[in-house]
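There are 2 protein chains.
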Amino acid sequence: MAGPEIERLIQLLARLPGLGPRSARRAVLHLLKKKDTLLVPLAATLREVGETVHACDTCGNLDSRNPCGICTDSRRDEALLCVVESVADLWALERAGVFRGRYHVLGGTLSALDGVGPDDLNVDGLIARMQSGKVREVIIATNATVEGQTTAHYITDRLASQNVQISRLAHGVPVGGELDYLDDGTLGAALKARRPL
Amino acid sequence: MAGPEIERLIQLLARLPGLGPRSARRAVLHLLKKKDTLLVPLAATLREVGETVHACDTCGNLDSRNPCGICTDSRRDEALLCVVESVADLWALERAGVFRGRYHVLGGTLSALDGVGPDDLNVDGLIARMQSGKVREVIIATNATVEGQTTAHYITDRLASQNVQISRLAHGVPVGGELDYLDDGTLGAALKARRPL
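Keeping their order, the protein sequence lines are chains A and B. Heads up: the first sequence at position 160 corresponds to 160 in full-length UniProt numbering, and the numbers run straight through without jumps. Heads up: the second sequence at position 142 corresponds to 142 in full-length UniProt numbering, and the numbers run straight through without jumps.
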């Protein structure tokens with residue numbers, strides 16, 4: 001069939017999330033069809049990203065600078081620190097454009113099943129960042145899953161001795177959501193956290 | 001948010017079929033997590049494929065050799081020539097392992113709507129391959145779509161003056177298929193082409 005290089009490329013692309021062997025084959029044909037406008041720039045950009053992008057030593061964000069662009073951006077409020085599970089969550093908050101403080105990426109959640117303990121998360125780095133005394137509020141933005149909530153509790157405990165305000169994201173009805181389609185837990189949380197109009 | 005290199009990588013990956021902006025972002029995070037085992041080999045393989053893989057001058061298949069591995073494979077029957085629309089179709093036949101002759105890739109189908117005329121397809125190359133006198137049978141394996149059938153008719157006309165047998169793939173019930181779910185056209189074709197047991 002196709003040569004060994006093409007086969008290897010198909011196998012590598014098939015390991016990306018969202019692509020299987022069949023869509024990887026289609027992707028390879030597409031890449032070869034658009035060689036100059038897609039394949040060549042993609043190869044170069046992949047190489048550049050592989051060589052320059054690293055995790056920020058301060059917050060764990062991925063960037064070609066270290067400390068990263070967010071950590072060094074003086075227009076961002078360094079008194080606000082948002083704790084997220086992963087870089088994907090950081091990107092989601094940045095896309096929404098709703099937060100102008102700094103971040104701290106844990107790199108996962110506590111999970112007894114998966115054998116992830118406190119030492120596997122970057123919690124010590126978070127505590128160390130409190131020493132500067134500049135952080136006024138830590139916003140815990142872990143996912144609203146069992147693991148995320150467990151991790152949030154653990155971090156709250158660890159931060160208890162620090163002179164810092166701790167908050168978490170609100171639970172409630174998603175904007176645009178319909179009550180009829182919501183689960184009981186969310187409805188209960190939304191009712192409990194109701195706000196005066 | 002992420003640096004310009006990451007943004008560029010997301011944009012390039014999002015142009016692959018089967019990936020959108022969201023899955024491209026997930027793919028980039030996955031690539032950065034598996035930098036040594038996935039990102040670096042992928043960048044190198046993409047570059048290698050981009051530099052070495054070209055369309056075979058004889059049949060139009062994509063390979064790092066020219067003529068390609070199939071055209072130069074002496075174990076394949078050069079008296080049988082299978083005409084396909086695209087390299088994807090060639091790969092599909094090779095995956096099935098049901099054909100041991102040579103191929104000819106047209107590079108598309110006739111389509112008045114998309115402005116694809118006979119000159120846009122590699123039909124002259126097909127006629128030229130008849131001159132050697134070695135081809136005994138041409139199997140037209142265009143898709144069973146309107147464009148594919150139109151193209152098949154056109155090729156049959158063009159080959160009429162050549163001393164060569166012309167055939168096309170059979171229509172019928174897909175193996176494993178149920179009659180109840182088949183369209184009328186396929187059922188009619190299967191009935192018309194019924195074979196004695």
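These are computed hints drawn from the structure, not numbers from a lab. Each hint should be verified, as a subset may be incorrect.
Claimed, not checked - Chain B stretches covered by chain A per the calculated footprint, using a threshold of three residues with CB under 8 Å from any CB of chain A: (1) 9-15; (2) 45-53; (3) 136-145; (4) 172-184.
As the list claims (entries may be wrong) - With beta-carbon atoms standing in for the labels, derived distance ranges: (5) G188/A to E7/B: 38 to 44 Å; (6) D183/B to R22/A: 38 to 44 Å; (7) P67/A to A96/B: 50 to 56 Å; (8) D114/B to P67/A: 33 to 39 Å; (9) E7/A to D184/B: 35 to 41 Å.
For glycine and all other residues, C-beta sits at the position ideal for the given N, C-alpha and C.
Item to complete: May I ask which of the numbered hints given earlier this structure violates, with the numbers listed in increasing order?
Response: 3, 4, 6, 8
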